[in-house]
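Listed below, chain by chain, are the residues.
2 protein chains.
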Amino acid sequence: MATIFPSRRVRWTPFTKGVEAAGMKVCTVYNHMILPSVFRSEEEDYHHLKRHVQVWDVSCERQVAVQGPDARRLLDLLSPRDLDRMADDQCYYMPAIDKDGGMLNDPVLVKLAPDYYWISVADSDYIQYVLGVADALQLDVNVWEPDVSPLGVQGPKSDELMARVFGDDVRAIKFFRYKRLAFNGVSLVVARSGYSKQGGFEIYVEGSENGMPLWDALFKAGADLDVRAGCPSTKERVESGLLSYGNDIDRTNTPFEAGLGKFVNSPKDYIGKQRLLERSEPKRQIRAVEIIGTIPSIREAWPLMANGRQVGQVTTATYSPDHKTNASIAMVDRSHWNGGTKLTVETTDGVRDAIVKDSFWT
Amino acid sequence: MATIFPSRRVRWTPFTKGVEAAGMKVCTVYNHMILPSVFRSEEEDYHHLKRHVQVWDVSCERQVAVQGPDARRLLDLLSPRDLDRMADDQCYYMPAIDKDGGMLNDPVLVKLAPDYYWISVADSDYIQYVLGVADALQLDVNVWEPDVSPLGVQGPKSDELMARVFGDDVRAIKFFRYKRLAFNGVSLVVARSGYSKQGGFEIYVEGSENGMPLWDALFKAGADLDVRAGCPSTKERVESGLLSYGNDIDRTNTPFEAGLGKFVNSPKDYIGKQRLLERSEPKRQIRAVEIIGTIPSIREAWPLMANGRQVGQVTTATYSPDHKTNASIAMVDRSHWNGGTKLTVETTDGVRDAIVKDSFWT
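Heads up: the protein sequence lines correspond to chains A and B, in order.
Just so you know, we're using the numbering used here here: the first sequence kicks off at -2 and counts up by one.
Just so you know, we're using the numbering used here here: the second sequence kicks off at -2 and counts up by one.
Read the hints as simulated data drawn from the structure, not as lab findings.
Errors might be hidden in some of the hints.
No copy labels: a pair is met if it fits in one copy or bridges any two.
Stated by the list, open to error - Straight-line distance between alpha carbons at most 35 Å, and here's what the computed DSBU-like set of lysine-lysine pairs gives:
(1) K108 with K96
(2) K176 with K339
(3) K270 with K96
(4) K96 with K265
(5) K217 with K96
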C-alpha cells in the first residue's frame, strides 16, 4: 500500500508530534485530516485496547459550531431526533439526512448552550449542508469549524487515568453526558463517549496549543497503567457493531436501514420528514454477518448472495482474534436478514460461506 | 510517512488496476477517494509530464450532477459567474462561495443541457451545500453524485495520443470546451482542460465499466509516445500557478483573494453577492514567492515575515527542477505583495529568505 503525500490539504493535528513519536505505522484520511490506523499491529493494538487504556488522536471528528439566535431553529430543521428532550449536558447521536431521508452524516450533537451547539461529524463535510440551509433561509446564525480537536481516552482503565488528570469528577459523568473540567487553567468539555465499546471519554480540546500538554499529561499520569497511543480499531468496532459513515452507511441509506430508527422522533417539521417516515419500514438493514475461512482486506463492498441472487453487501470485514472468526458489518435484504440465515459472500479472493447473526459480538 | 489503511470509505476508482500495475508509490486522499501522487519519483514524473504525455486517474474530481426544472435557478443562486454567457459546450471555472463570500470549493461547471449540469469539484463535499440550498428552498431538482470518473491526458503529446483513440475531432476542441466523442460505443464528454499547463484533455468517463478499457486503449495507442501513468505534479502546478483548494485557498478566502475576481460577474442575486462585492478590494492575495535555500516538505502554512511582523503565509512550496529554485504559492498582504518585495519565511526547518515574484514561472 502506498504512503501518503505530505500537503497542507491533508491536515495534521495538535497531537501529531505525539502520534509520530509513538510510532504510527498506518493511517487514513478523515475529514481532510490524518487519523492514525495502526501503531504496533492491528491485533496488538486491539488486545491492548480491550485490556488497558489508550489515548486516541481523533481530531478528525471535526466540530460544526452553530451559534446565534436561529441556532435552535436551524437544528430543528436538520434533526430527525427530538431536541426538546436533550439535557443541557447531553451529547445526542443524530442521523443527518437530506430531503429524501438519505444519510449525509451520523454526527454527535453537543449542546453547549440553548443557542450554541457543536455537531461532531463523521467523514463528510456536513458543515456545507448546514451552511446551505442557513444561507438559503437567511437564518441569523454563525456556522464555522472551531479550533476544537477531540482526544479519545478509551479502554477499561479510562476512568482511572482520567481521574488522575481531571480529578474524580470524571467518574460521575454519565454515558453521552459531559462536564466542563479544568486542565492547565483551560475549561474543556469532557464527555463519556467514544468510538469503542471498551469504555472511555472524549475530551474536546479547545485551542490547538493545549493539545500536546494534555497528551503529555495523560502519558505521564498513566505510565503504570500501560497507557499507549491508540486509534479506532476496526476489529473492535465491528465486534461492537459501531457503524462507520462512508464504509457501512451513506446517502443511499436511511436511518432506518442503518438501524437508527429509534433516533427518528422529532415532532418538528425537519427537512426530509415526510419522505423519511414513508421509508420507516426498511427493505434492508444493517446486520452482523460471520464469514467462514480466510478473507482479504476489504476496500469495496462484497456482494452477499443467496441462490445466485444478490441479497445484500458486506461493507466492513475483519478477523476477530477474541472470537476466532471473521466479523463483518453488512446491509442485508429483509428476505434474508434473520439470524441464522446462510449466505455466500463474494470477496475479492473468492466465494466464502457466511451466516447472519442475531447480534454483534459484544 | 505512514501507509494508508484499506477501507471502503477511502474509495478506489475504475482505474485502480491500471494505477497499481503502473507502480503508484505515493498517494493522497481527495474527495474520499485515492489520488495518485508519485509513480517513479516526483522529479522524474515532472520531467516526463513536460516532455511527453501522461494518463492521470483523477476520478477524485467527482461530479455533482444537477438536473431538473429548477437546475438553472439553483445554479444562479450558487454562481458568482455569469452563466448567461456560457456556451452549450463550455466548462466554466466557478468560484463557489457561502453567504459571506468565503470559498467552499473552486469547481468546474460543465453544461450538458439547459436543465442538466455537472459541477466537477475540488476537495470538499460541495454537494452538501448544493443539497442544503435546494432542500431548504424546496427546489424541483435532482442533485447526486453520478458514476463519472475523469481521466486526464496531459502533456505536449496529448493531442496526438487522443486523436489516435478518439479521432482527429479532438484536435478541434477549444480550451475549456468539450465534445461528446465515442469510445467502444459509449459517448463520453471530452474537454480540453486539466490540472497542468502542459496541454491536454479530461475525459469524463461515464460508467465505471468503461474505465479500464479506455485506460488500456490509451496505453496501447501511445506506446511509441512513451505514454506513462502520471498524476497532478505539485512542482508543475506551482510553477504554473494552479491553486489547490484546501492547500492554497479555503473558506477564509474570497475569490478576490484567490485572484479569481474576473469570474465574479453574475447579474443575478446569488447567495453571498452583497458581502462578496463589499470585499472586492482584497487586503491580501495569492502570489508567487521564490524561497532561497533548501526547504522541507510543507504540511502546514509557513508564516511570511517582514520586519518581525507576519505579512502572509506560504501554502504550497516545492523545488522546481527546471527553474532551479524553490517555487511557492502564498497569500500575501497588500502592503508586501508587489513583485520584488523581500521577505523571510519561517519553514519548519528554519528561516529562509524569500522574494515576491511578478508572476508564476510559466
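Here is how each hint holds up against the structure:
no. : hint           : verdict
1   : K108 with K96  : both (24 Å within a copy, 25 Å between copies)
2   : K176 with K339 : neither (46 Å within a copy, 50 Å between copies)
3   : K270 with K96  : both (7 Å within a copy, 26 Å between copies)
4   : K96 with K265  : both (14 Å within a copy, 26 Å between copies)
5   : K217 with K96  : neither (49 Å within a copy, 46 Å between copies)
The structure is inconsistent with the numbered hints 2 and 5, although it conforms to all the rest.
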